Amino acid sequence: MWIVGAGQALLWLALLAALGAAGGLYFGERAARPAWVRGGKLSFGVAAAAAAGAAGLLEAALVGNDFAVRFVAEHSSIQTPVYYRVAAMWGGQQGSLLLWVLLLYGFAAYLLCWPPREGARLQPYALAILAAVAACTSLLLVTAASPFVAMRPVPADGLGLNRLLHNTSFLLHPILLYLGFVGFTVPFAFAMSGLLRRDTGDHWIRVTHRWALTAWALLSVGILLGMHWSYHVLDWGGYWSFDPVENSALMPWLAATALIHSAMVQERRGMLKLWNAILVSLTYVLTLFGTFLSRSGIVVSVHAFAVSPLGGYLLTYVGLAAALAVYLIASRLDVLQDDRGFDSLVSKEGAFLLNNVVFLALVLTILVGTLMPVVSAALGHGLTVGTPYFETVTAPLFTVVLLLAGVGPLLAWRRAGRAEFTRHLLVPLAASALFAAALGAMDVRPLPAAVGLACAFFAGVAVLYDFALGVAARQAMEPSGVLVAAGRLVSRNPRRYGGYAVHLAMVLIACGIIASHAFHREGQFALRVGEAARVGGYTVIYEGLGSTTGGGARQTYARMMVTRGGHYVTTLTPSITVGTDAATSNATYIPAVDSGPLRDLYITFLGYQPGGTTAGFNIIVNPLVSWIWAGGALLVAGAVWSLWPRPQAVLAPRSYRVFGLWAELEYDFRMGKTAEPEYLALRTQYRQEAEEAMALERAEGRPRTDLERVEARIAARAMELSAARRAEGGPIAPGVGGGGSK
Amino acid sequence: MRGRSRGGMWWIAAAAVVFGVAVALAVAPVARRPPSTYQRVVAIASQLRCPVCSGESAASSDTVQAIAMRREIARELAAGRSTHQILAGFVAQYGTWILTRPPHHGAYTLLWLAPVLSVSVVTVLVVRYLRLRSVRRPADADALAGGQTGAPQDGGDAERRLARYL
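These protein sequence lines are chains A and B, in that order.
Per numbering that gives the first Met the number 0, the very first residue in the first sequence carries number 0; after that it's consecutive.
Per numbering that gives the first Met the number 0, the very first residue in the second sequence carries number 0; after that it's consecutive.
Read the hints as simulated data drawn from the structure, not as lab findings.
A couple of the hints might just be wrong.
[Claimed, not checked] Part of the chain A face toward chain B, derived, beta carbon under 7 Å:
| # | residue |
| --- | --- |
| 1 | 274 |
| 2 | 359 |
| 3 | 387 |
| 4 | 531 |
| 5 | 686 |
The structure displayed is predicted, hence computed values, not measured ones.
Heads up, the beta-carbon is just placed ideally off N, CA and C, and yes, glycines get one too.
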């Protein structure tokens, strides 16, 4: 019983401490009072600890089967395995909101312990904004959706966790998805902090970009894990249906994808400042709006939580965040002036702009489709759009995305020579034309799928080709073996080649989605024991039933032997599980999947006659599905590599940008992307800018290497000491010195 | 060096084509098989709403009504009717509401223009942004024209530092 009271008290403490933190940090920074800022940070730490304590209490109640807590009674049971009892926290509205808040405090705690090395000055205001957001969400928890509500009378057993959530993906998918969603609060906070301080230099975009990329990667993995879960647990053989809740995660992901590209233009060239400020706000507002969509019960979805009073609160937060962003951006337009204009649209910057157009158009299109049913219902029409609509309208835009993923890397910064650009397109274009011709010769249908695959192929070849050109350029600068050159190239340019890995990951994911969507073969069969079904070239024989009991459920499974061309392939055992507690007593149909590099065999057990003489099955041969998951792994690797710390950015904050740009120019020229006269002119300019920046760094006494930093510190200390000695033995009269306050 | 390496580039492209075609050949046996009747039924049913469910199509729902609709579709397919005719039959019975993919006429056209309109709206925004916000700094134009202003005093320092970025 005490858990309910203590949990609620901790949530209140978290709320009040977060409010205190927001006030202390904001006003302390504003009035330049370090003591207030320190107090604010301390208060934030207390709030984070309180939230962690509340989450710990809820977990203790779940693991210890304390059914006096309503949330535990409704989402867990004695028979629920212990690791799913832990995960039951995010199996319901209140608990998942607590997880949400906990992750937000987690990000804040990370920033408190390890302030960003790029843009450390922006930290106090950023923390103040995080604290304000944390206070808002804590308020939600305390008032509208507290997991700490008493259950009377205390039941002997709980209802149990929904059987569909009994899957290892469920342990991770919500955490990563929330990490991504909550993570976008951080770049938003830093962006707004820069505006509050009117401090929109290079470090502003670097810290914002870095955190946007982090949140983007987390959200990507969260979405992919959700697809994996859906594929392996829900019995329909698919992984994405443009359901409103899926869309509410996809929209911020798309906006963030636009952001992480256009932020690169600002990082390298000092352009698109206002645009990026708008994009980062849009992304954050979309995450809040997505939360509103999935938690308010306004849209009809298989994922949606029950109708709840949260809607009003969340919509208010959407409005508040949007108002803050609009106010700060509109009142700081002067510091959002771009350093320069575009030299040419046929350039990397131009490709990034086009990328922004397509991704934002995707956001708008999906937003219209998602809100249509709500608007239509309000007007009394009852018109809704479903999966086929979304697939049809987004497919052309995604195809353009694929093409851009190939074209972008081939373009030089500033201005790509037209002749050079055309020559670079030649190899990937010729290769994909050959590939497309081969698809045509094989009579691959439907046509849109073949076109999509050819575009994906183009992007893949273009990225690999550009990488090969880079290796050759690297060898030209410094003779070495291919592998050494490739290694150095990748390690010196983590952002660029991490990005290339992510592009290749997208190619793999696109191939998997297109092939499994267009080429899968599916059949539904009622089979007697020993009878065979044929699907997509495979023969599946039903061999009989078996059953097991354990983990609070009874599982009946069918043995299905799969052969192809007379050769044994595998034996699969799809199952029907019936739980023994209240929430799981409905049968769940868990498909059996055999994943191969080129195809998945996917069998769902639909039902059986008593004794199992006849049973029903859904059998799917699903090509290239595993490429989606492989792409996910590559995406993680690429994202982690891009986020690898770049000490140069911290050690040489002024010259970092121009040196990066200069290095790109040297590569672009050696790869034959930039014409020679342009190269020579730009090189002179960059050298001059670099020297100016280096001179400034020297003047500011900003050390460049660790050794120099130590030297500088020793020099500063020596100056202090000599100044002190001079003060002691100086011309100051002894009487004045003795009678002073010191 | 460029001429030599470009030959190598063609080999990369050739290897990619061989790989791509090999995968396509491996997948083609599945892709070329005609879809089963069941699969065709599902494809049509996914374009129809389940009349008694919330947000599910007639393909994914297991309600009595959805199953009846799938049976009806199978019957009509067996009778040789086209996808278009079958969908039209359901529209006649339930109204356009039954479609998960709105028709291409009347007010629904707007829905189908959504991607085109979205692209237009964003393009206009980008163009306006470029007009209003981007100023060309004269220094850039000078540099591009090839103006060499002032010989660097310690060019070697910058070059050495550049090597760390390459």
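**Request:** List in ascending order the numbers of the hints, as given earlier, that are violated by the structure.
**Result:** 4
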